[in-house]
Amino acid sequence: RKRAYVYLNIYDIGFFNATYRRIGLGVYHTGVQVYSKEYSYAGQPGHHVGKSGIRVSRPRDVSWMKNGYFRTTILMGTTNLSEEEIQVKKK
Numbered sequence: 001r002k003r004a005y006v007y008l009n010i011y012d013i014g015f016f017n018a019t020y021r022r023i024g025l026g027v028y029h030t031g032v033q034v035y036s037k038e039y040s041y042a043g044q045p046g047h048h049v050g051k052s053g054i055r056v057s058r059p060r061d062v063s064w065m066k067n068g069y070f071r072t073t074i075l076m077g078t079t080n081l082s083e084e085e086i087q088v089k090k091k
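Sequential numbering of the sequence shown, starting at 1, is according to our numbering.
What the hints contain is simulated information worked out from the structure, not anything from laboratory work.
Since this is a predicted model, take the numbers as computed values, not measurements.
Errors might be hidden in some of the hints.
Below, a list of computed lysine to any residue pairs in the SDA-like style, where the Cα atoms sit at most 20 angstroms apart [claimed, not checked]:
| # | residue 1 | residue 2 |
| --- | --- | --- |
| 1 | K66 | N17 |
| 2 | K66 | G14 |
| 3 | K2 | E84 |
| 4 | K2 | Y28 |
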């Protein structure tokens, strides 16, 4: 079975981190990237107003964030799960 890399993508949220980082704090959003998709938990303004849940997007896409930007990626390891086994089930 093929192994796939699993990454953690980290994003700064807003202008807060320019100040907070100086004292060792920060406000971040994260997403798990596997098989060229990123999975994260977030509200979805403009798509499902008032609802939150698992969001599937292109890796490092910040177009939906207000004042958010990509900071870094951390390799977490690998998975033996297939792309089909990782699919998010819609209700």
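Each hint tested on the structure:
1. Only pairs whose Cα atoms come within 20 angstroms are accepted, and K66 paired with N17 is accepted, the gap being roughly 14 angstroms.
2. Proximity of K66 to G14 is assessed by CA-CA distance (about 7 angstroms); at most 20 angstroms being required, the pair is judged to hold.
3. Between K2 and E84 the alpha-carbon distance is near 13 angstroms, which keeps this suggested pair within the 20 angstroms criterion.
4. For the hint linking K2 to Y28, the alpha-carbon distance of about 32 angstroms lies beyond 20 angstroms, and the restraint is violated.
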